[in-house]
Amino acid sequence: MSLKMEHRVGIAAPIDDVYDIVADIAAWPEWSPIHKKAEAVLRFGAPIHLEEYYEGLGTWETDGIIADWTPLSHIHVTVPKPFYAGKLIRYFEFDALSEAGTSFSLGALFDGYLSEREGRAYRRFIRTGFEAFCEALKAKAEAGFAEHPDRVASVIVKPDEAPKAQNKQRQKWLQTQFWGKKNK
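So the working numbering is basically just the index in the sequence shown, starting at one, shifted up by 340.
Calculated pairs, DMTMM-like style, for lysine to aspartate or glutamate (alpha carbon to alpha carbon, straight line, at most 20 Å):
| # | residue 1 | residue 2 |
| --- | --- | --- |
| 1 | K478 | D490 |
| 2 | K421 | E401 |
| 3 | K377 | E475 |
| 4 | K427 | D451 |
| 5 | K377 | D360 |
| 6 | K376 | D364 |
| 7 | K480 | D435 |
| 8 | K376 | E471 |
| 9 | K377 | D403 |
Ranges between beta-carbon positions, derived for each pair:
| # | residue 1 | residue 2 | range |
| --- | --- | --- | --- |
| 10 | P387 | P489 | 33 to 39 Å |
| 11 | K377 | T468 | 18 to 24 Å |
| 12 | E475 | L382 | 18 to 24 Å |
| 13 | W371 | D451 | 28 to 34 Å |
| 14 | K344 | L382 | 20 to 26 Å |
Think of the hints as simulated: they come from the structure by calculation, not from any bench.
Where is the CB? At the ideal position from N, CA and C, for every residue including glycine.
Using the sequences and the hints given, assemble the complete structure.
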């Protein structure tokens, strides 16, 4: 019993630029339409505190832990709940599509009976908020890249030439001697 909500957006900017904007969690309130407050340092096990405003729901406070994090790939936040309430995981995922193109996903996974019910009850409000966050991120990253279009992603490296196959000489099979038989 789980419910997954996600909004994905394509961004015409290098993955480095998009990741740098999202990794600066304390700066989210400056550009994100849903974040009134965001406090966290990006490291394993670090606490994260968010005050988010969703149209139709009002302000929600979320206290979680950065459970998993890989630069230029993903940030996963676990929101602790009592054992009977299930669990909630928020995720921010990045995929490099080209030197100047990125796919970004913001989502939530509600797992467990009570958590799933909570997700279903507030689904449309949360989806609208996720969409607003993604569109604001897209606008900020693309505007920053437009100022410096000569930069490209550092993680996509094209080789100058295709590697050439090495000529290997065949090795002669060694003659083996078996017990009881002598090779002549």
